[in-house]
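The chain contents come next:
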Amino acid sequence: MAEIRNYTMNFGPQHPATHGVLRLVLELDGEVIERADPHIGLLHRGTEKLAESKPYNQSIGYMDRLDYVSMMANEHGYVLAIEKLLGIEPPERAQYIRVMFDEITRILNHLLWLGTHALDVGAMTVFLYAFREREDLMDCYEAVSGARLHATYYRPGGVYRDLPDSMPQHETSKWHSEKDVARMNSNRQGSLLDFIWDFTERFPSHVDEYETLLTDNRIWKQRTVGIGVVEPDRALQLGLTGPMLRGSGVEWDLRKKQPYEVYNKLDFDIPIGTHGDCYDRYLVRIEEMRQSNDIIRQCVQWLQKNPGLVIVEDHKLAPPKREVMKRDMEALIHHFKLFTEGYCIPKGEAYAAVEHPKGEFGVYIISDGGNKPYRVKVRAPGFAHLSSLDEMVKGHMIADLVAIIGTQDIVFGEIDR
Amino acid sequence: MSELLNNAVSLVREALWDPLPGWFQLGLVDLGYILAILLPLLLAVAYLTFAERKLIGYMQVRIGPNRVGPRGWLQPIADALKLLLKEIIIPTNANKFLFVIAPMLSIAPSLAAWAVIPFTDTMVLANIDASLLYILALTSVGVYGVIIAGWASNSKYAFLGAMRSAAQIVSYEIAMGFALVGVLMAAGSLNLHQIVLAQQGGFHQWYFIPLFPLFLVYFLSGVAETNRSPFDVAEGESEIVAGFHVEYSGMAFAIFFLAEYANMILIATLTVIMFLGGWYAPVETSFTIFPPIIWLLVKVAFVLFFFLWFRATFPRYRYDKIMRLGWKIFIPVTLIWIVVIGIATFYTPLGHLFH
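Heads up: the protein sequence lines correspond to chains H and D, in order.
First residue of the first sequence: 630, per our numbering; consecutive thereafter.
First residue of the second sequence: 227, per our numbering; consecutive thereafter.
Just so you know, these hints were derived from the structure itself, not from any lab.
Keep in mind the model is a prediction, meaning the values are calculated, not measured.
A portion of the hints provided could be inaccurate.
Ranges between beta-carbon positions, derived for each pair [to be verified]: (1) D:Asn319 x H:Ser802: 45 to 55 Å; (2) H:Lys885 x D:Asn319: 55 to 65 Å; (3) D:Phe323 x H:Gln643: 49 to 59 Å; (4) D:Asn292 x H:Leu671: 49 to 59 Å; (5) H:Gln643 x D:Leu423: 31 to 41 Å; (6) D:Asn380 x H:Gln643: 17 to 27 Å.
Note that the Cβ used here is the ideal one computed from N, Cα and C, for glycine as well.
Use the sequences and the hints to build the structure in full.
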């Protein structure tokens, strides 16, 4: 009898649908996948090890680069862990700013996910529509931190700066006439909060636009309904979190179950799915974008009414103001010490987790009393998701594999760390 | 002055043209006709890519190519030049002969099919009686280029792409063939020229009304046949990278590209000829607004627009769902409608509706 051999194929790392550097070794029976073996580590940068040799504050920037599409949410996990060790709480305004930017980040992440997921399944246009809205949100990032992606905006004890009163303006160029620029600047006349408010006003209609292209599209449904089904029990066993878990119908969201910052003062709902397939996870994420939009609106309203401090006034942790430093010797010393030695954290260990757009993002820090962490461990949601890939794709076709990679919302920055 | 010119022309004619043997003269004239069809066709292909990028660009809230030449109009030329100057890499373990011949196999039929296309009442290179059969035969030869390319590259991705497209093209060929059977039943001829003549007299005479299901099936099968989105599984960008032509570079790749777009224009033209009244104006008037050729081109452009629109709108079908659509929906629909036409024509007085 002739020997029947499965078709073994390398999927990635140089493949348009692998979201970066995923390498899968596929065993195929025709087009049907028998086994998918993820090989990771191609984007390993040693974030956890690097953090051990730097003062606490200097590692915030590394956190941005973990999951590089939801930057501030990563920072949030890290600073929360430090705050837990230090036993401090940021001012309320800072908490609202953090929540607002967490939700902006969630929309940023979900927009990128929606675009690439749709692109993987073959719908090109959604991708560009989603990027149109991402532009505005990244302008918000830029307005508060100066960087469009890797913001490094959160600090233990608050956030680095208060929200700016004005937005940067577009300027005329060879490509943009006065008229174009006037139109582009029309929503940038007020403060950042006005700009965000204007965004939240029109964002729901944009989500409707994406939905008209996908939600009831027969091809989209054929490609996602019943694909990559995870039963609720199995989802818990696999350690899935975030939309992956909620898509299976498990009510679990850290923002509700273990509220941090001011989430318990805000009014929002947690959408859950019923079937645990790609389509339900798609619906869950779409609804999450709408809910995030509502949360942002509540934060903007609160922030407009309540000015105040955005970082603790303890100058052992937060730098003093520039003006004060010019005349106060002690302030200058504080500044110098903070930016060279940093601050020491009492001996101990802490785990803090946030509801990251992809799931539970947790940071575990052990301090030996020095100015650098003894050990940092990052719990990345994507890692657990990717390890369930083999189980999810078994028996599906190559085209479904692409849809499942899309639905897992995998980003290699956090998996390889 | 004109006398002098005429003298010169006749002198040249006597000296160079007349001494040639008759068969050679005939050959030269035919060659001229072929060039007159192919050159505009290739130009149309080039600018179809430009139109596609521009149109999809506008649909996706961006501008599309606008750097080369005024408003990007030289972009296709620049693309062609770039591809011409690139090296053609032949993979080490590829079957060299087949690897090189595959692009030719795929472009030859898509160009040869144009021989029988009637552009106007008088403009047709070969007005043969079985032109519909000729078209069917040639479009199905095109699949060999794809299969051979996938097999000869000795790459797993290319092989998967080739298998997919072989299955797809073969099964959609059947649906397409049946749709055409309906047309030839209605027109009573296999001659494309006759088919258009049968649709004379305004748009209510065009076959897309009585043969509406066949029109849809034919057009959608055409989209599938040319491997266009949403049926582009053979080169599904995000699944098997580029499918059967993943190992091709430079001009060898460009020829596949040309073949795909030439096929698109061919399918669009055939749709117009068989269902949308060919070169006839939608309303019969005593005076002519546009010459017939313009009507044909406008209709072809209209049909091509749908190809591009689909690409911007739809997600990609999964391979097995495409087969299901082809075998379980399109083929039964065409079969039923053929029976309906047959019964209506021969057993009921409603036969005139289909003619």
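Verification of the hints:
no., hint, in the structure
1, D:Asn319 x H:Ser802: 45 to 55 Å, "51 Å, holds"
2, H:Lys885 x D:Asn319: 55 to 65 Å, "58 Å, holds"
3, D:Phe323 x H:Gln643: 49 to 59 Å, "29 Å, violated"
4, D:Asn292 x H:Leu671: 49 to 59 Å, "36 Å, violated"
5, H:Gln643 x D:Leu423: 31 to 41 Å, "55 Å, violated"
6, D:Asn380 x H:Gln643: 17 to 27 Å, "18 Å, holds"
Of the numbered hints given earlier, the model fails hints 3, 4 and 5; all others are met.
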